[in-house]
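Student: If you want the building blocks of each chain, they are given just below.
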Amino acid sequence: MQTITCECGHSNPYGTSLCQACGKPLENDVEVLSSMRYEGSARRSQTYKKTIVDHIWNFFSSVRVGVWLIVIILVAAAIGTIFPQETFIPPNVDPASHYESEYGTLGLIYYLLGFHNLYGSWWFIILLGMLGLSIIIASLDRGIPLYKALKTQRVTRHDQFMKNQRLFSVSKEVEIEEVKYTLESLRYKVREENGNLFAEKGRFSRWGAYVNHVGLIIFLTGGMLRFFPGMYVDDVLWVREGEKASIPGTKSDEGQYYLENNEFILEMYDKEEKKFNSALSSVDGEVAKNYQSNVTLYKTEPNHTIGEEPELIKVKDGEIRVNEPFKFDSFALYQTDFKLNEFNKMSFELEEKSTGKKFGKLTVDLHEPEKKYDLGNGYRVEIEEYFPNFILNEQKQPSTINNLPDNPAFVFSMYSPQTPKGEKAFVGIQKNIEAGENKFKMSFAGIETKDLTALTVRKDHTLWIIALGGIIFMIGVTQGLYWNYRRIWIKQNQEEVWAAAHTNKNWYGLKKDLEFLADKSNLMPLADKEVNSK
Amino acid sequence: MAQISSTLLYSAFMIYLFSTLFFAMSISDKKRSEAAHTKKWGKIGFISACIGFAAQLGYFITRWIASGHAPVSNLFEFTTFFGMMMVLAFIILYAIYRMNGLGVFAMPVALLVIAYASMFPRDISPLIPALQSDWLKIHVTTAALGEGILAISFVSGLIYLIRTVDQSVSTKKTKWLEVILYSLISIVGFIIVSMAFNGAGYEAKYEIMNEKNQAVEVVYEMPAIAGPANGAKLDDAFGPLFSTPSWMNGVDASKKLNTFIWSLLAGAILYGLLRLILRKRIAAALQPKVNMNSDLLDEISYRAVAIGFPIFTLGALVFAMIWAQQAWSRFWGWDPKEVWALITFLFYAAFLHLRLSRGWHGEKSAWLCVLGFWIITFNLIAVNLVLVGLHSYA
Chain F
433 MQTITCECGH
443 SNPYGTSLCQ
453 ACGKPLENDV
463 EVLSSMRYEG
473 SARRSQTYKK
483 TIVDHIWNFF
493 SSVRVGVWLI
503 VIILVAAAIG
513 TIFPQETFIP
523 PNVDPASHYE
533 SEYGTLGLIY
543 YLLGFHNLYG
553 SWWFIILLGM
563 LGLSIIIASL
573 DRGIPLYKAL
583 KTQRVTRHDQ
593 FMKNQRLFSV
603 SKEVEIEEVK
613 YTLESLRYKV
623 REENGNLFAE
633 KGRFSRWGAY
643 VNHVGLIIFL
653 TGGMLRFFPG
663 MYVDDVLWVR
673 EGEKASIPGT
683 KSDEGQYYLE
693 NNEFILEMYD
703 KEEKKFNSAL
713 SSVDGEVAKN
723 YQSNVTLYKT
733 EPNHTIGEEP
743 ELIKVKDGEI
753 RVNEPFKFDS
763 FALYQTDFKL
773 NEFNKMSFEL
783 EEKSTGKKFG
793 KLTVDLHEPE
803 KKYDLGNGYR
813 VEIEEYFPNF
823 ILNEQKQPST
833 INNLPDNPAF
843 VFSMYSPQTP
853 KGEKAFVGIQ
863 KNIEAGENKF
873 KMSFAGIETK
883 DLTALTVRKD
893 HTLWIIALGG
903 IIFMIGVTQG
913 LYWNYRRIWI
923 KQNQEEVWAA
933 AHTNKNWYGL
943 KKDLEFLADK
953 SNLMPLADKE
963 VNSK
Chain Y
29 MAQISSTLLY
39 SAFMIYLFST
49 LFFAMSISDK
59 KRSEAAHTKK
69 WGKIGFISAC
79 IGFAAQLGYF
89 ITRWIASGHA
99 PVSNLFEFTT
109 FFGMMMVLAF
119 IILYAIYRMN
129 GLGVFAMPVA
139 LLVIAYASMF
149 PRDISPLIPA
159 LQSDWLKIHV
169 TTAALGEGIL
179 AISFVSGLIY
189 LIRTVDQSVS
199 TKKTKWLEVI
209 LYSLISIVGF
219 IIVSMAFNGA
229 GYEAKYEIMN
239 EKNQAVEVVY
249 EMPAIAGPAN
259 GAKLDDAFGP
269 LFSTPSWMNG
279 VDASKKLNTF
289 IWSLLAGAIL
299 YGLLRLILRK
309 RIAAALQPKV
319 NMNSDLLDEI
329 SYRAVAIGFP
339 IFTLGALVFA
349 MIWAQQAWSR
359 FWGWDPKEVW
369 ALITFLFYAA
379 FLHLRLSRGW
389 HGEKSAWLCV
399 LGFWIITFNL
409 IAVNLVLVGL
419 HSYA
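The listed protein sequences derive, respectively, from chains F and Y. So the first sequence is residues 433 to 966, counted in the numbering used here. So the second sequence is residues 29 to 422, counted in the numbering used here.
The set of hints was computed from the structure by calculation and includes no laboratory data. Glycine included, every Cβ here is placed at the ideal spot set by N, Cα and C. Any given hint could turn out to be false.
Below, in silico cross-link-like pairs of lysine to aspartate or glutamate (DMTMM-like), each with a Cα-Cα straight-line distance of 25 Å or less [stated by the list, open to error]:
1. F/LYS721 x Y/ASP162
2. F/LYS944 x Y/ASP323
3. Y/LYS71 x F/ASP945
4. F/LYS891 x Y/ASP162
5. Y/LYS284 x F/GLU718
6. Y/LYS68 x F/GLU609
7. Y/LYS165 x F/GLU756
8. Y/LYS67 x F/GLU947
9. F/LYS943 x Y/ASP323
10. Y/LYS71 x F/GLU947
11. Y/LYS365 x F/ASP666
12. F/LYS707 x Y/GLU391
13. F/LYS706 x Y/GLU391
14. F/LYS961 x Y/GLU391
15. Y/LYS233 x F/GLU718
Covered stretches of chain F (chain Y as the covering partner; in silico rule of three or more C-beta atoms under 8 Å from a C-beta of chain Y) [said to hold, decoys possible]:
16. 499-513
17. 705-714
18. 720-727
19. 757-766
20. 935-944
Make a model of the complete structure from these sequences and hints.
Tutor: Right, dumping it as structure tokens:
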């Protein structure tokens, strides 16, 4: 593509509006001040407007489009908080009916529009993708030409460039050395050329926007990597006190991790404690102080074959509390939930109803009940059916909700020398229904309970990328917003001395510098065109 | 120690009140409003704001010692701290721009926030396990400082609007400006109503079923306009006029809604009285008092966003994510409070991008600063009131 050569001799790429070296407007209708944002450099989006690629590029490079994308995402995110998202509703309800029954017609519409899973919906992800694209294209479109322009800029600027700056003054008899000295004392970097001065400060702040955009892109990329297998594990592990369980998601060539729950500890605040006395006495019930699992981590041999009883090698002991996860390898275990006093074992005695005489005791493991219990001397009991969490289903038949022994019930067959054919009875908590007239019954003889802890198992290989993105973003945003790029040009024009100044932000700060400068030298104070025009 | 702490907070409150008056003196347009007069009162106002801040810092430290944890763990403590951060933000921006008029509005807004805070239970409460982390102090204080600085952009934007919106005819703009002022007055309404019913010892009892289907008693400290959802009245007190919709799920949602309605009513009465006395729109009455440089106001509100935005992002998103990763095993979970922090972030990001284009300076920018502050307060108050989430321990 052809280049445009300015009268100062610099050759500018096609599409440039202000000469990158001296700042002369290269066409007549160029407005200097409004072109200053990107130095009048040749931005692709402003130069090429023909092909489809141009149109797509131009669309995404527009700040206006970017702002619209931000606003649309903002509104969508807000809509997602009107009713709870699907992940926050109770786990055992059907979302289709839940939203209508809880929130009425509006809830139904919310569900039908898919807003109950808004943040995972395809269109929300597409919006985020478009925003990412907009960030990349808009940054490339501006950042690269801006970098070149700021690198090329010369000390001596064209008259028209100077005159059209927002801050400008014409003075006579100015001691240039004094101006230079004052500017340096204000920590400006001053260059000199043929008696003209160019002072700049904080150029690096111009890169802030691009640095923070890079950070955001890294952050978003990290967020997307989560969907790749192996990067991310999210599981819940329930372990009973005194038991070992294999930790889901931790199987590898080096073996499988197991966790033993030695003890689950629940502590409450003492109501008598003086410090919190008034706060604690105003609430009903108790306030939790600590949820803690004391655990031991084990690992199997690497060459362990599935099905075989694994040989476990102890790795380490640990304590898991809320806010204090337990870490090993690239995994972390988090205290998430607990269940106190889950039924574990139930004991019964076989009793002769007429005499009250007992013929032996049996203990049923509620998680792995045995089929037959031999009590000796010809007395035995068999479990015909077991319902860990008993319920009468819709057909009025005994059934179980799930495998958790919250409401255990059994159908026992009791055998004795007197009743060799056996007698059947349905036994549950506070229930004993006999099939006919039985001679024997199962009498309740105690229960054992155990506490459970629930731990979230997490591996997240994307974290460091997310963290890196976050750090770069924070650096960029600080760089761009806490500093600004101030430039002051001093040009000798025959008898006169022209001064012009520009900043990308914080004109107030620049003006303070200029007031100080005018104070210390013979330079006329620079007038602000924007204020005068009002 | 707890006693010293509340005394210090009370003194800070009084000093802020005086600081407001001093700043008001500095812009009072008397005949002798020369530079010296303005400068003198501005200086006194600024010094007293600093002394007040020091006193409140004393409250913060002593309460920390008394409770053993950073006092930002419940609504009273957090809101008080937010007010303190507003004062700090004002001190920073005043140090840069030396604008007395900013003090006349910033100090009362901070006062309102602190007074509002004191209506919540002030007992020192123990930390539940989820809050037992160093990140509590790091995350909450940084987020509050960011929000405090952003609040100054609201104050500056509001002054800009009072100064520039044409009051000679009634327009959409004048109406919205009155709505903003009315909402500020409603905070005063809230304080008056709370103190009145507290002083009278008002109580009305209702029985409701909680989520575990147990009957619990709800005690209203204000007459019930909005009763609890599906609640049964246990005494012959007034009301309720209607029931709170059942989708309002926050802790004590119906009581909070009721208080909110009372505040709006009291605010309406106060606003009506003011209009009767002034015989014009409140913004119109304020306009002649605020003859500040509108360009500088615009600059301040933009600068406040430029300073506050990175701090807000650091506290309310970055530190929040680090803590969430540690406590809840994920750095982001689309919890309503998180989402609204993101919305605040997106809003100010859009604002900063809009400032790149010419047409969005001045008045439009000022309206945006007001809207931004509305989003922040919505997240502070309404998210806990209406929406269920992990942050509803207040």
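Student: Please go over all the hints and tell whether each is borne out by the structure.
Tutor: Here's how the hints hold up against the structure:
| no. | hint | in the structure |
| --- | --- | --- |
| 1 | F/LYS721 x Y/ASP162 | holds, 16 Å |
| 2 | F/LYS944 x Y/ASP323 | holds, 15 Å |
| 3 | Y/LYS71 x F/ASP945 | holds, 24 Å |
| 4 | F/LYS891 x Y/ASP162 | holds, 23 Å |
| 5 | Y/LYS284 x F/GLU718 | holds, 23 Å |
| 6 | Y/LYS68 x F/GLU609 | violated, 39 Å |
| 7 | Y/LYS165 x F/GLU756 | holds, 16 Å |
| 8 | Y/LYS67 x F/GLU947 | holds, 20 Å |
| 9 | F/LYS943 x Y/ASP323 | holds, 13 Å |
| 10 | Y/LYS71 x F/GLU947 | holds, 23 Å |
| 11 | Y/LYS365 x F/ASP666 | holds, 22 Å |
| 12 | F/LYS707 x Y/GLU391 | violated, 51 Å |
| 13 | F/LYS706 x Y/GLU391 | violated, 54 Å |
| 14 | F/LYS961 x Y/GLU391 | holds, 19 Å |
| 15 | Y/LYS233 x F/GLU718 | holds, 22 Å |
| 16 | 499-513 | holds (count 9) |
| 17 | 705-714 | holds (count 7) |
| 18 | 720-727 | holds (count 4) |
| 19 | 757-766 | holds (count 3) |
| 20 | 935-944 | holds (count 4) |
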